[in-house]
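Q: Listed in order, the protein sequences are those of chains A and B.
Going by the working numbering, the residue at position 55 of the first sequence is 55; the numbering climbs one at a time, nothing skipped.
Going by the working numbering, the residue at position 252 of the second sequence is 252; the numbering climbs one at a time, nothing skipped.
One or more hints might be untrue.
[Unchecked claim] Okay, derived cross-link-like pairs now, DSS-like style, lysine-lysine, Cα gap no bigger than 30 Å in a straight line:
1) A/Lys35 / B/Lys110
2) B/Lys110 / B/Lys172
3) A/Lys102 / B/Lys110
Worth flagging that the hints you see were computed from the coordinates, not collected in a lab.
All values reported here derive from a predicted model rather than from experimental measurement.
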Amino acid sequence: MASGEKTSYKPYLFLAPALLLFAVFGIVPFYLLLKTSLLNWDGISLHPQFIGLGNYWEVIAQDSGFWKSFVQAGYVTLLALTVQNALALLLAIAVNRELPGKMIYRTIFFLPPILSEIVVGLIWVWIYDGNFGILNAILSSIGLGDLARAWLADPRTALTAVSVVHMWKGFGWGFVIFLAGLQTIPEELYEAARVDGADAWFRFWHITLPLLAPVLILVSILTILGTMQIFAIIIVTTQGGPAGHTEVPVWQIFSSMLGSRRFGYACAQGIVFGMILLTVSLIQMRLQKKAA
Amino acid sequence: MTPKLRNWLGYLGWHLLCIPVAVTCAFPLVWMISSSLKTQQTVFSDYSVIPSHPQFINYATAWTKGKFGIYFVNSLVYTAVIVVGVVAFAALAAYAFSRFTFKGSNFLYKLLLSTMLIPIPGAFVALYILVDHMGLIDQGTNQWLPRLGYILPQINAGLPFGIFLLKPFFDKIPKELEESAKVDGAGTLGVFWHIMLPLARPALGVVALLTSLAAWNEFLWALLVFSRHELMPLQRGLYAFHGAHLTDYPLLMAGMVISILPIVIVYLLMQRTFVQGITAGALKG
Numbered sequence: 001m002a003s004g005e006k007t008s009y010k011p012y013l014f015l016a017p018a019l020l021l022f023a024v025f026g027i028v029p030f031y032l033l034l035k036t037s038l039l040n041w042d043g044i045s046l047h048p049q050f051i052g053l054g055n056y057w058e059v060i061a062q063d064s065g066f067w068k069s070f071v072q073a074g075y076v077t078l079l080a081l082t083v084q085n086a087l088a089l090l091l092a093i094a095v096n097r098e099l100p101g102k103m104i105y106r107t108i109f110f111l112p113p114i115l116s117e118i119v120v121g122l123i124w125v126w127i128y129d130g131n132f133g134i135l136n137a138i139l140s141s142i143g144l145g146d147l148a149r150a151w152l153a154d155p156r157t158a159l160t161a162v163s164v165v166h167m168w169k170g171f172g173w174g175f176v177i178f179l180a181g182l183q184t185i186p187e188e189l190y191e192a193a194r195v196d197g198a199d200a201w202f203r204f205w206h207i208t209l210p211l212l213a214p215v216l217i218l219v220s221i222l223t224i225l226g227t228m229q230i231f232a233i234i235i236v237t238t239q240g241g242p243a244g245h246t247e248v249p250v251w252q253i254f255s256s257m258l259g260s261r262r263f264g265y266a267c268a269q270g271i272v273f274g275m276i277l278l279t280v281s282l283i284q285m286r287l288q289k290k291a292a
Numbered sequence: 001m002t003p004k005l006r007n008w009l010g011y012l013g014w015h016l017l018c019i020p021v022a023v024t025c026a027f028p029l030v031w032m033i034s035s036s037l038k039t040q041q042t043v044f045s046d047y048s049v050i051p052s053h054p055q056f057i058n059y060a061t062a063w064t065k066g067k068f069g070i071y072f073v074n075s076l077v078y079t080a081v082i083v084v085g086v087v088a089f090a091a092l093a094a095y096a097f098s099r100f101t102f103k104g105s106n107f108l109y110k111l112l113l114s115t116m117l118i119p120i121p122g123a124f125v126a127l128y129i130l131v132d133h134m135g136l137i138d139q140g141t142n143q144w145l146p147r148l149g150y151i152l153p154q155i156n157a158g159l160p161f162g163i164f165l166l167k168p169f170f171d172k173i174p175k176e177l178e179e180s181a182k183v184d185g186a187g188t189l190g191v192f193w194h195i196m197l198p199l200a201r202p203a204l205g206v207v208a209l210l211t212s213l214a215a216w217n218e219f220l221w222a223l224l225v226f227s228r229h230e231l232m233p234l235q236r237g238l239y240a241f242h243g244a245h246l247t248d249y250p251l252l253m254a255g256m257v258i259s260i261l262p263i264v265i266v267y268l269l270m271q272r273t274f275v276q277g278i279t280a281g282a283l284k285g
């Protein structure tokens, strides 16, 4: 059948709505992104000024605030890659066994990921609040009242506090993917190892981890791409504050656009940042091919 | 140690890990519901989980005065239109990719899917410029143009995942089914509608579910497109409410409960489909 309809117009009719939307809202913005990045433009003026690669030069060589925000997002990402993913893996292993109540755990662990960043952000704004916050209330009730502070307003804790919110919301994704990965490992392998007298630790290092390597790399890619582009949680909780301590790249792009109204510069920031992310994910995909 | 005791201790270890995490996950939600039933006077002093005089009136106030009723209906409409758009257009496209050989098929398929893999963090700036040019940003008095400006890019954004999930599913449906229908006189569209779509129902469900989650929780685009409260969806409305009434926590919490109730219910009912979609999306990629 397929070969008989080779020259038919029919497939294009089926594709038309998707392609039309993609052309208008996918291709055109991509072109606009590249074009605008070469302009000095406030988003309104009818005569934007063409400045070549000037915006790129400024992002790469002169914008220390942008690179600071990059490092700060890197800090959140590092925490997510280690703490969040280790926890996700551990919980997946726990729930993958014969554990009473595991269905309840599964349901609860995936609750935070289905909530929006706004809802999650607003709950945590309250938890962290210096005056009315539940965290401070808990701390003083267990005699650690000295630690109480406005967690999101203190430069020493703000970025870590935001990271905790991000990880709280995100670990469920890794958990679900790890769990699916674990379920593809044949039980016989563990049986055989057990017969050979291997202990749980040995089985984890020599069966679970190697066979899970592709999934681990996949979750790492998703974690890096997702966390480096953290934004909505920032806008609800700290707006980049205190004094820029929680500024992240997408926040920078956003404020270049609507704060200082430099649309061209915002596009250049986006492209530079996107290229870095693309490089990272290409490297990891190569690793994944090797591991698979 | 007897094996039974060992087993039991093993359980205990894992529970010691799982229980604190589960409590940490559930507590903010419980607290949210509990606080939504307190008054402005008691919300910061009464630490009971079940308040002695639950203020259900907060929900009515949030719904009307807090405008959460408007936001809720908006979210419902936007989500419904986006889901129908994504499912319909993705199914049509996936069918074309699965059943026809045509010029550019491979290129187009890869082009569409590449948008899922290539991160474009500044895309919203360019999209804003475009949608502004099209007159679809909320600046005038017309209410349908900005609503369209909010919906259309999200349908586009959902298409690659939909196509990616549906095409392999169509591939697996045996061609004999269609051929016999054609012998019976069905046209291409008839085959698609009466045979392919019903058979693909599980996959369509997954696409619909994940699309609705994304649409319901969308925030950034709503922030850029809308300025009038009458047009805002819930996430944007929550943000606006928080900005305007910084510490009116009972009403804010009531608004948040209103905003999460539909997805939590759908999640609890269709957990399996959710998880299936996420893992299919992730592991196949």
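Q: Next, verify each hint and record whether it holds.
A: How the hints compare with the structure:
1. A/Lys35 / B/Lys110: 24 Å, holds
2. B/Lys110 / B/Lys172: 20 Å, holds
3. A/Lys102 / B/Lys110: Distance of about 39 Å is beyond 30 Å: violated.
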